[in-house]
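Protein chains in written order, with our numbering: chain R, 57 to 305; chain D, 2 to 311.
Cβ-to-Cβ under 10 Å is the rule here; a few derived chain D residues that face chain R:
id: 1; residue: Glu9
id: 2; residue: Ser93
id: 3; residue: Ala105
id: 4; residue: Val128
id: 5; residue: Val137
id: 6; residue: Ser182
id: 7; residue: Glu192
id: 8; residue: Gln246
id: 9; residue: Val276
id: 10; residue: Phe289
No wet-lab data here; the hints were simulated from the structure.
Just so it is clear, CB atoms sit at the ideal spot from N, CA and C, and this is done for glycine as well.
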Amino acid sequence: MKILVTVKRVVDYNVKVRVKDDNSGVETANVKMSMNPFCEIAVEEAVRLKEKGVASEIIVASIGPAQAQETLRTALALGADKAILVKTDEEVQPLAVAKILKEIVAKESPEMVIMGKQSIDGDNNQSGQMLAALLDWPQGTFASEINVSDGKVAVTREIDGGLETLELTLPAVVTSDLRLNEPRFASLPNIMKAKRKPLEEVSSADLGVDIAPRTKTLKVEAPAQREAGIKVDSVAELVDKLKNEAKVI
Amino acid sequence: MAILVIAEHNNQELGAATLSTIAAALKIGNDIHVLVAGKSSQPVAESVSVCEGVTKVLHAEHEALEHATAESLTAIVVELASNYSHILAAASTFGKNFMPRIGAKLDVQPISDIISVESEDTFKRPVYAGNAIATVQSTDAIKVITVRATGFDAVATSGGSAVVESLTVDGHISQKSKFASQELTKSERPELTAAKIIISGGRGMGSGENFHMLEEIADKLGAAVGASRAAVDAGFVPNDYQVGQTGKIVAPELYIAVGISGAIQHLAGMKDSKVIVAINKDEEAPIFQVADYGLVADLFQAIPELKDAL
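Modelling step: build the complete structure from the supplied sequences, incorporating the hints.
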């Protein structure tokens, strides 16, 4: 079985982001960038499926600027076989992401697409569901466990209040939640090997996809700051404040 | 044009987040229809019909809708979509699952997780784990929106008198995706997103067993128990305890953070709480910068004391 896995280059999750002074967005110049953590989990899951003999080939795709090549090389070092970069410097919104990926699916014919449930920059949590819709494939979002057998995939999903398991007929789109696995680190020999793996570059125009944004970002602001309150000296004082000052207990 | 809200429910009760979603819809317009899709979900349809602001309830009943899949719900909503200017659902794992699918089918770019309505096409939403707030304007004909429940005060659950209309949905049940099983965390305590008081533990709790100390206090206060991602990653408690950008977003009356340092990702999930209490032995912990009341103390002494004092 061929698996397509997608990765996005985002501001590293350890970076404290700053809103630009002109409120046009978030400062991304000279900021550490990394693979979106949920995408790392998606790559890891694909690699594990290959190690189990379920997957035969892993294709990794990314949409973004030339530097997204580094993110793809990381995925290749983790165990993907071949990479595709859809190169663009424009903003690509989830609907356009799904349309681009649909074309890649048509070209590569994977039986399963594994994606992160959301990217930690836009926090949209949309692309996987939208790709599944455009392909008319079933979807298993927020996966914490997946089991492939007999042309089906059982996806255990993290839902509010617990877990839910769905049985999807392949081909299907799965999006990863945090507990699906713990991603490995790329070893030095694998990083070296990844440099020789194929990485193809295409443009959204080559794929015939219109990526014009549908929503306009009018402004981006820093959130309202919460003021620090007071320190109390004892549990007794705390309980007194909660009862008599804040009146919440 | 009317606005469609998709109800979240368990076939018996309407989810609290839907009441906040109706409130968001009322900030956009005043003709609010609510879709209740379920099995034996008559009680839900009835309770929705008396909610403040609801003008019509669309009630779809089918065996397979007991646990509706994204595929089936999408097919049902897409058929109705041309009658509506906006389609809204709560930004819970329920709404986030199918709303983008509806968007793609309608060739619409959805807007996730709105926290305010600026106008009928402009909304505010958090990005970068709540470290920035974006104001976004949709250019699509139909707006597909998920609503962060903590951003809107729930509508009243009485006073309305909407008509209930039955829908036939037999042709819309997906065969490609089937519900197999569900395992809900059993708890006598309130759900995190609905609780008025939450007591959460972090890595400082040291072990899963030590969470019993928090549970005892929770039971005295009628509170829910939560956790930071660090505590979840350490294996102390299940993932559905997690409060934060990658877990639940909560805004209770009182949030008590115990042994939680206050990583950005955790703050993003609880900073809208009305009153925040932090108990941590490290007085430099960032959690104190957002706490109304901070107690620098060893939690293993402070928590038993707190239990006795309540």
